[in-house]
Amino acid sequence: MNGMHDLDGMDNFGPVVREGNEPVFHADWEGAIAAHTYAMGVAGYFIVDESRRAVEWMAPADYLTSSYYEKWLYALETLLLEKDVLTKEELDTGKSLREEGGFTLPPLSVETARLAMANGIPLRLDLDISPRFKPGDRIFARNINPTHHTRLPRYIRGKRGVIEQDHGVFPFPDTVAHGEPDRPQHVYSVRFGARELWGDDAPAKDSIHIDLFDDYMDPLDQAQESD
Amino acid sequence: MTSTKHTAPLSDVQLRVKAIESLLGEKGLVNQQTLDAFIDYFENKVGPHNGAQVVARAWADPGYKEWLLKDGSAAIADLGFAGLEGNYMLVKESTPTVHNMVVCTLCSCYPWTTLGLPPVWYKSAPYRARAVRDPRGLLKEFGVTLADDVELRVWDSNAELRYLVLPMRPAGTDGMSEQELAGLVTRDSMIGTAVIEPLER
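Keeping their order, the protein sequence lines are chains A and B.
FYI, in our numbering the residues of the first sequence are 23 to 249.
FYI, in our numbering the residues of the second sequence are 1375 to 1575.
No lab work stands behind these hints, which were simulated from the structure alone.
Here the structure is a predicted model, which is why all the values come from computation and not from measurement.
Incorrect hints may appear among the rest.
A partial selection of chain A residues facing chain B, derived with a Cβ cut-off under 7 Å [claimed, not checked]:
(1) G31
(2) R40
(3) N43
(4) A56
(5) A57
(6) A61
(7) L113
(8) L130
(9) R160
(10) D228
Backbone N, C-alpha and C define an ideal beta-carbon position, used for all residues, glycine too.
Could you put together the complete structure from these sequences and hints?
Next up, the structure:
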């Protein structure tokens, strides 16, 4: 979706403010939200794509005025309601109001949590799916404006790039973020010239590299090239 | 868990967090030891001290560097830094002619196992918007002035691949041990928003 998260090279957000000796968390509640999000996510209640999708659904004004962990809190509340783990009344009151019903899974044990911390969460799929592109291929990023979650940002849409590397097969965020089938496909590192993206004022040698799924691109054929 | 770092009474956000904590706890859906382990992981186990060891090893050992640039995930895992947000690592080497810089324009993707959780500025709108639109201007604000003939490559980590910059080894570090070298490596140099200054001896 064309949400506020897709900042699209916008101007006027002001300087980047850096903090010296920044703590990992600025308050205990931030750590609590991070820990609960991971404890519930690794337990199987939701995946990271759903979490991102939930954040992107914030109203633009709220998105810009919420801190990072306020966004995580919003996403966790959204997903716990959506998965029917908690009810709206429970979140509003902080009181457990139903003894039975609701979606539950066994709590994540500390042993399983430590395994995830040590090994990560592998997402690449060992599937024999042929890639649509190979390194060196020239591509055209699709000009699409889906109302669902996507990892094809606006500043890339409709632009011409070159495939640099094939990273293998991954689940498709556009579908899995909505609990739909994973539509596995290849992901590639794709190079876009800074001038292709931002015009002739951009430095000629500079480039932006972004990871794109098969479904985000079409081959750049002669006809498009001569447009 | 209650916050003592902010002024009482509890803010709306703190109340909402407390509601989730007590509900999930009361219903037996989370385990306190697990929560504590995650916080310890985020605060202590991951961080730029890990990435600094990777960089120092690459500077000291050409064979390791070659492996790191070819198969970042395996070479980093070999030093014990596999894990969350570190399964698919790509390491990009900055040289006198190429400078690399990392951003996640859509959210906050970042190589946790080598750099830890990202700083607030990395996740902020001004960085995410400008890193792709005006990266040279942004770098200048960070104190890095790139010569016109240096090629700038910005890596927008929007899928599940995670990026680490291998900064240039500073002059004046010949003969230093790997541990001494690691002490010179800054977090920002591994994001690509800083360079490591030559050492005066």
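Right, here's what the structure says about each hint:
{"no.": "1", "hint": "G31", "in the structure": "holds (3 Å)"}
{"no.": "2", "hint": "R40", "in the structure": "holds (5 Å)"}
{"no.": "3", "hint": "N43", "in the structure": "violated (11 Å)"}
{"no.": "4", "hint": "A56", "in the structure": "holds (6 Å)"}
{"no.": "5", "hint": "A57", "in the structure": "holds (4 Å)"}
{"no.": "6", "hint": "A61", "in the structure": "holds (5 Å)"}
{"no.": "7", "hint": "L113", "in the structure": "holds (6 Å)"}
{"no.": "8", "hint": "L130", "in the structure": "holds (5 Å)"}
{"no.": "9", "hint": "R160", "in the structure": "violated (18 Å)"}
{"no.": "10", "hint": "D228", "in the structure": "holds (4 Å)"}
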